[in-house]
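Protein sequence lines, in the order shown, are assigned to chains A and B.
Numbered per my numbering, the first sequence spans residues 177 to 415.
Numbered per my numbering, the second sequence spans residues 177 to 415.
Calculated directly from the structure, the hints in this document are not laboratory data.
Computed from a prediction, not measured in an experiment: that's the story for all the values here.
We put the beta carbon where it would ideally sit given N, CA and C, even for glycine.
There could be a bad hint or two in this list.
[Stated by the list, open to error] With the Cβ distance kept under 7 Å, some of the chain B side facing chain A (calculated, not the full set):
1) F233
2) W271
3) H273
4) T278
Read off the chains here:
Protein chains: 2
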Amino acid sequence: MRYELYYWPTIQGRGEFVRLALEDAGADYVDVARDSKRGMAAMTRFMESRSIARPPFAPPFLKAGKLIIAQTANILLYLGPRLDLVPKNEASRLWAHQLQLTIADWVSEVHDTHHPIGGGLYYEEQKAEAKRRTADFTAERLPKFFDYFEQILKHNPSESLLGKKVSYVDLSMFQMIAGLRYAFPRAMARFEPKYRRLVALHDCVFARPRLATYLASDRRIPFNQEGIFRHYAELDEQG
Amino acid sequence: MRYELYYWPTIQGRGEFVRLALEDAGADYVDVARDSKRGMAAMTRFMESRSIARPPFAPPFLKAGKLIIAQTANILLYLGPRLDLVPKNEASRLWAHQLQLTIADWVSEVHDTHHPIGGGLYYEEQKAEAKRRTADFTAERLPKFFDYFEQILKHNPSESLLGKKVSYVDLSMFQMIAGLRYAFPRAMARFEPKYRRLVALHDCVFARPRLATYLASDRRIPFNQEGIFRHYAELDEQG
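Let the hints inform the model, and build the full structure from the sequences given.
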């Protein structure tokens, strides 16, 4: 089956977690809104349509045959077993999904470092609040998330959160580390020596052949100031 | 099987979405941390243990036999078919879960109206920011969420988001309406006439016999100023 991914064409954003899974698995898919101007119009039609009985609230969403599936973690819940990126038994699938949902919460918190007041307002309109929120995020939240995932890796013999093969959760964790390095290079330089297992996981994922090809291609949109992970020097390790 | 729910004993919070499903289904469960002081200690032990291979990041979590499942929407994904609160086919389960994840995002946004800077800080330390964020939330986000869910109900002949029987998503939507009424009574008085299908869904869930019994019992913790939904007069419909 050829999957159709619908997501904003100019950012990595939440769609990137899905792209990484599809790319790593060598899946047959089309990134609809990047494909052509018609693709972007098709995405907008989906979102504005009042005739779809099961509409997405927001991108990303995936068309798989007749199914339209939205919410990043839900898309990965669906794709995981089909792309052989999660064990097939229910307990492992629930555990992988639980970790993915914790990553989703983390992603929202990263977004809110630069948009603590409202997603529809410019960063410049909430810069003072962004500074306060980011200070709290790097002091309290980042170490909490890192501690949690590093601790899970301690239970595993391999560089994988699920303990055996690489799963879609590992691909998402790679993306978190890469994104946080882009957004908060100074904070990350301080954190990384304490979380060596997570850094090893990042490196292990980065070296996967199909993923390395993807990351070096122009299909990988560079990090930029429109996505979830944004670099504002004034937010990174304020004094 | 007797389920064990672990959640903070003095608030509805995210745990309430699970409680409503268990109560509506008449499931055999124990609300561990409410049960005794030993229960609260047991919950803390789970969260601080470094020996659990698959630990929760935060409450709520559910013990079901040997499984420990965290993340509210993930718990409901697991319980839904077992409590007969979702259709059994995969497409409907994914759709229900997608809606539940959208509700989870909404819940986080409600939380951040009173805590836009950091969950570890007091409300009083972020009151100015809370006013700005809440103004944006009621102007931009509330109508967006309401429009979305009301539109879904328009496709359905019954007062149910999944279109036939009541599902766990309907129970969660009931909780959203009830919570928003507590937190933002003035804003809700203005919104409700526009979203009659959602109000009808709320009333329909409220009238379910087992749920009515639960809601009238002392097992239902009253809304209070420690939970997700909090009433601060200064945040509700500022001029």
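Structure-based check of all given hints:
1. F233: 5 Å, holds
2. W271: This hint holds: W271 of chain B lies near chain A, its Cβ roughly 5 Å from the closest one there, short of 7 Å.
3. H273: It holds, given that the least Cβ distance between H273 of chain B and chain A is near 5 Å, below 7 Å.
4. T278: With a minimum Cβ separation of about 5 Å from chain A (threshold 7 Å), the hint on T278 of chain B holds.
Of the numbered hints stated above, none is contradicted by the structure.
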